[in-house]
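Visitor: Numbered per mature numbering (1 follows the signal peptide of the UniProt record, and there is no 0), the sequence shown spans residues -23 to -1, 1 to 174.
If you are wondering where the hints come from, they were derived from the structure by calculation, not from laboratory data.
If you're wondering where the values come from, they're calculated on a predicted model, not measured in any experiment.
Any given hint might turn out to be false.
Mimicking BS3-like on lysine-lysine, the simulated pairs with C-alpha atoms at most 27 Å apart in a straight line are [unchecked claim]:
id, residue 1, residue 2
1, Lys164, Lys55
2, Lys152, Lys103
3, Lys152, Lys164
4, Lys103, Lys55
5, Lys55, Lys29
6, Lys152, Lys29
7, Lys55, Lys152
8, Lys157, Lys55
9, Lys164, Lys29
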Amino acid sequence: MRKFLLPAVLSALILLISGCSTGDDAVAQGNTFQFVSPGGQTVITYEPADRKPIAGLEGEDLVSGQPLSLSDARFADKVVVINVWGSWCGPCRGEADDLERVYEDNRDDGVEFLGINLRDDRNSAKDFVIDRNVGFPSIYDFPGLSLAALTTPTSVVPTTIVLDRQHRPAAVFLKAVSDKELDAVVKRVAAEPAGTA
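Work the whole structure out from these sequences, hints included.
Guide: As structure tokens, this is what we get:
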């Protein structure tokens, strides 16, 4: 198992470090969603009929060290915004307040946020969360193991992925996101009728 995991992690990290997307289409294959940035776009949206669930996402909570998973009860039947970030990332520092505003404005409407902290010193990442009053949890993922499990775009930091209530990608931002543009997408996805196919 380990010999197969290492190439996947290395591939994800190479894509992350290169900071570029390849390919020309986003596709649904089998029962999971496989992502390729169409034409190098940085904002991609998907209609309900084109969405497929992402692979399992789990790891260790940045602050508590306890297991944290997208399958946890707190995320069940909720729109989930996943944000890939690092305290070393300038655009991540710039968008932190915007993300927190959207989280606070929408969490009473069935919206949760989940961060993935990547390639970071744990104490620096904790300081980032405390200094910016981040209210949502993050998976601490220094080696990129949780990130490698995602079949959505992982080549750019920051990346923000909006999942619908079935935890299928509805929108992807391969760039720093503003509160205005993220809030509009989150509200639209949260308002979708239950069981939208």
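Visitor: So, for every hint listed, does it hold in this structure?
Guide: Structure-based check of all given hints:
no.	hint	verdict
1	Lys164 to Lys55	holds, 12 Å
2	Lys152 to Lys103	holds, 22 Å
3	Lys152 to Lys164	holds, 20 Å
4	Lys103 to Lys55	holds, 26 Å
5	Lys55 to Lys29	holds, 16 Å
6	Lys152 to Lys29	holds, 22 Å
7	Lys55 to Lys152	holds, 23 Å
8	Lys157 to Lys55	holds, 20 Å
9	Lys164 to Lys29	holds, 20 Å
Of the numbered hints stated above, none is contradicted by the structure.
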